[in-house]
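Please put together the full structure from these sequences, using the hints given.
Residues per chain, in single letters:
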Amino acid sequence: MTTFVADTLNVMNRELKPVWREPMAVVFAMIQPLVFLGLFAPLLPEMATGGSALQWFVPGIVAMTALMGASFTGSNLMEEMQSGSHERQLVSPLGRPALLVGRALKEVVPMLMQVAIIVAVVTPFSFDLHLGGVLAAALVLSLFSIGVGALSFALALASKGQDWMFWTIQQTLLFPALLTAGVLLPMDGAPQWLEIVSTLNPMTYVVDAVRALFAGTYPADVVAQGVAGAAVVAVIGLWVGVRAMRRSS
Amino acid sequence: MTTTHTGPAIVTRGLTRHFTSRKQTVEAVQGLDLEIGQGELVAFLGPNGAGKSTTLRMLTTLIPPTSGTASVAGHDVVTGQRDVRQAIGFVGQGNGAGHRQLGRDELISQGRAHGLSRADAHRRAGELIADLDLEAVADRKVSSLSGGQRRRLDIAMGLVHLPRVLFLDEPSTGLDPQNRINLQELIQRLHAETGSTVVLTTHYLEEADALAGRVIVVDHGRVIADDSAARLKSGLGDLVRLGFGSASDAARAAGRLSRVPDSRVDTSAETVDLRVKDGSAMVGEVLADLAADGVPPTRVEVARPTLDDVFLDLTGRSLRETQQTPEPTATEIESEVAA
Ligand SMILES: Nc1ncnc2c1ncn2[C@@H]1O[C@H](COP(=O)(O)OP(=O)(O)O)[C@@H](O)[C@H]1O
Ligand SMILES: [Mg+2]
Numbered sequence: 001m002t003t004f005v006a007d008t009l010n011v012m013n014r015e016l017k018p019v020w021r022e023p024m025a026v027v028f029a030m031i032q033p034l035v036f037l038g039l040f041a042p043l044l045p046e047m048a049t050g051g052s053a054l055q056w057f058v059p060g061i062v063a064m065t066a067l068m069g070a071s072f073t074g075s076n077l078m079e080e081m082q083s084g085s086h087e088r089q090l091v092s093p094l095g096r097p098a099l100l101v102g103r104a105l106k107e108v109v110p111m112l113m114q115v116a117i118i119v120a121v122v123t124p125f126s127f128d129l130h131l132g133g134v135l136a137a138a139l140v141l142s143l144f145s146i147g148v149g150a151l152s153f154a155l156a157l158a159s160k161g162q163d164w165m166f167w168t169i170q171q172t173l174l175f176p177a178l179l180t181a182g183v184l185l186p187m188d189g190a191p192q193w194l195e196i197v198s199t200l201n202p203m204t205y206v207v208d209a210v211r212a213l214f215a216g217t218y219p220a221d222v223v224a225q226g227v228a229g230a231a232v233v234a235v236i237g238l239w240v241g242v243r244a245m246r247r248s249s
Numbered sequence: 001m002t003t004t005h006t007g008p009a010i011v012t013r014g015l016t017r018h019f020t021s022r023k024q025t026v027e028a029v030q031g032l033d034l035e036i037g038q039g040e041l042v043a044f045l046g047p048n049g050a051g052k053s054t055t056l057r058m059l060t061t062l063i064p065p066t067s068g069t070a071s072v073a074g075h076d077v078v079t080g081q082r083d084v085r086q087a088i089g090f091v092g093q094g095n096g097a098g099h100r101q102l103g104r105d106e107l108i109s110q111g112r113a114h115g116l117s118r119a120d121a122h123r124r125a126g127e128l129i130a131d132l133d134l135e136a137v138a139d140r141k142v143s144s145l146s147g148g149q150r151r152r153l154d155i156a157m158g159l160v161h162l163p164r165v166l167f168l169d170e171p172s173t174g175l176d177p178q179n180r181i182n183l184q185e186l187i188q189r190l191h192a193e194t195g196s197t198v199v200l201t202t203h204y205l206e207e208a209d210a211l212a213g214r215v216i217v218v219d220h221g222r223v224i225a226d227d228s229a230a231r232l233k234s235g236l237g238d239l240v241r242l243g244f245g246s247a248s249d250a251a252r253a254a255g256r257l258s259r260v261p262d263s264r265v266d267t268s269a270e271t272v273d274l275r276v277k278d279g280s281a282m283v284g285e286v287l288a289d290l291a292a293d294g295v296p297p298t299r300v301e302v303a304r305p306t307l308d309d310v311f312l313d314l315t316g317r318s319l320r321e322t323q324q325t326p327e328p329t330a331t332e333i334e335s336e337v338a339a
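Note that the protein sequences, when read in sequence, are chains A and B.
FYI, in the working numbering the residues of the first sequence are 1 to 249.
FYI, in the working numbering the residues of the second sequence are 1 to 339.
Listed below are the simulated DSSO-like cross-link pairs for lysine-lysine, each with C-alpha atoms no more than 27 Å apart in a straight line:
#: 1; chain 1: A; residue 1: 17; chain 2: A; residue 2: 160
#: 2; chain 1: B; residue 1: 233; chain 2: B; residue 2: 277
#: 3; chain 1: B; residue 1: 141; chain 2: A; residue 2: 160
#: 4; chain 1: B; residue 1: 141; chain 2: A; residue 2: 17
#: 5; chain 1: A; residue 1: 160; chain 2: B; residue 2: 23
Have a look at the derived ranges for each label pair, beta carbon to beta carbon:
#: 6; chain 1: A; residue 1: 32; chain 2: B; residue 2: 63; range: 34 to 44 Å
#: 7; chain 1: A; residue 1: 219; chain 2: B; residue 2: 20; range: 52 to 62 Å
#: 8; chain 1: A; residue 1: 235; chain 2: B; residue 2: 195; range: 47 to 57 Å
#: 9; chain 1: B; residue 1: 119; chain 2: A; residue 2: 31; range: 38 to 48 Å
#: 10; chain 1: A; residue 1: 216; chain 2: B; residue 2: 115; range: 42 to 52 Å
#: 11; chain 1: B; residue 1: 31; chain 2: A; residue 2: 199; range: 53 to 63 Å
#: 12; chain 1: A; residue 1: 232; chain 2: B; residue 2: 24; range: 39 to 49 Å
#: 13; chain 1: B; residue 1: 20; chain 2: A; residue 2: 220; range: 51 to 61 Å
Don't read these hints as lab results, they were simulated from the structure.
What you are looking at is a predicted structure, and each value in this text was computed from that prediction instead of being measured.
Yeah, the Cβ is synthetic: ideal placement off N, Cα and C, and Gly gets one too.
In structure tokens, the structure reads:
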């Protein structure tokens with residue numbers, strides 16, 4: 001167990017080295033969500049409840065940033081599979097589970113940096129900052145990022161250096177996941193089939209909880225469902241990811 | 001380091017590996033029986049696709065054998081994976097150091113993976129950086145290093161924990177001739193200093209010849225020769241290549257040369273190849289004899305036997321020609337790299 005912890009920390013620290021050294025890369029990685037924010041925010045209608053539309057939209061963009069960042073991360077592993085450094089790590093005494101878990105845990109760091117940037121960008125506008133809620137939401141999103149990151153690594157391992165396979169599957173899943181989670185548009189009044197997909201998408205609950213928390217409210221059921229949704233993604237992701245890493249050669 | 005072990009560094013018994021892709025089975029390694037003693041410096045020599053990397057991948061626990069067994073530093077490569085990994089260093093065909101990382105960070109992280117304390121890992125990284133002449137580049141991003149620098153860094157990574165057995169897969173591929181020679185000297189020096197067992201693969205004859213005390217020639221997944229380079233070559237004679245003014249002169253000379261005892265004569269157009277033991281000593285006599293016969297050669301070359309000649313003698317194919325076989329298709333290369 002102690003070797004697992006030491007190995008996991010070793011892998012995580014190694015993965016974080018480029019993040020600390022080149023923090024701007026973290027900003028570039030979130031260009032797309034920022035563009036969405038800049039383009040969509042002015043188009044948003046005022047909410048029926050009278051609240052700022054930004055208040056509704058920003059949590060979705062935050063969740064989108066987390067999903068995008070973590071789902072891209074497998075490409076780094078693919079690069080390492082191609083260059084040979086993944087092979088070198090497989091021959092080292094580092095345990096297979098640590099090679100996956102350490103990588104997945106690392107996803108939390110760039111995600112938190114990105115959330116901080118988004119919050120800093122929108123706070124001067126009509127966005128009410130509820131710091132406690134944002135921090136609680138960051139915890140839910142951390143769990144979610146770990147899970148999505150693990151799934152992305154599993155996909156990279158399964159693609160075995162065939163980049164097109166990784167990108168096709170990642171891109172094919174990304175936008176349906178975002179849309180059916182109600183990130184960009186509310187799911188109210190969606191046709192029934194879409195509503196069913198939305199209820200099955202664990203990210204839906206994550207987004208709902210993040211919205212509530214960003215608004216400074218703590219509805220126990222919504223928050224619990226959000227944590228559960230993120231936990232489901234994390235458990236499935238880590239399980240699939242560790243399995244894939246054990247089979248990697 | 002775990003228990004000290006006194007037997008051979010590597011033992012394989014019927015070590016076999018098949019790959020099945022698209023319903024086709026490739027018998028990459030077929031029944032390898034080997035024993036490599038502690039402290040040996042051994043080269044696996046063979047053309048592309050001979051099964052060298054597959055053998056190394058089994059010995060380094062990356063892939064399990066289809067059948068047969070292997071033990072490295074006293075530990076079984078299947079049931080004792082963790083112990084094997086602790087004991088060995090591995091420099092693969094690619095780059096062990098991550099391209100987005102700094103060289104020094106990678107060395108430290110590798111040391112930590114092998115259980116060194118933080119302080120020891122830093123100290124060891126510093127030693128290796130100095131020893132392998134990497135001071136100028138150790139704190140740069142790996143992607144910015146030249147091929148030769150990256151290869152030295154890879155080797156440093158493989159040496160962090162003073163492995164008892166060091167595996168190097170095609171260590172000098174992609175290097176220019178000068179860097180290749182530097183690398184060979186480095187490997188020899190490390191071998192002499194550490195006394196580790198070193199196993200490398202190569203498809204460069206010169207490399208196997210220059211480096212290794214023992215050359216294991218592999219072809220189609222089997223060992224076809226296993227001896228010192230000198231002894232492998234001593235069985236073959238020198239090559240005396242004679243050029244003539246015309247094909248008819250060549251043919252006439254060939255007829256006369258066929259009387260040289262224990263020799264082989266090959267004629268192609270205006271050139272006659274005579275392969276005979278101690279050919280370099282008897283070349284004067286041969287020339288005088290041909291001149292007396294009215295067919296003096298216009299050109300003469302004498303070459304000592306090479307490992308290529310050994311390979312040709314064993315397989316009927318030239319190792320150099322074999323290099324020119326078509327490369328596997330792109331997807332095959334990718335899956336190989338990733339595998
Ligand atoms: N992962 C793999 N899947 C299918 N075939 C493979 C794989 N790895 C190696 N092979 C095949 O096994 C044979 C030996 O390959 P390899 O050990 O890489 O040779 P070498 O290193 O001597 O060039 C080749 O025919 C190669 O195409
Ligand atoms: Mg090879």
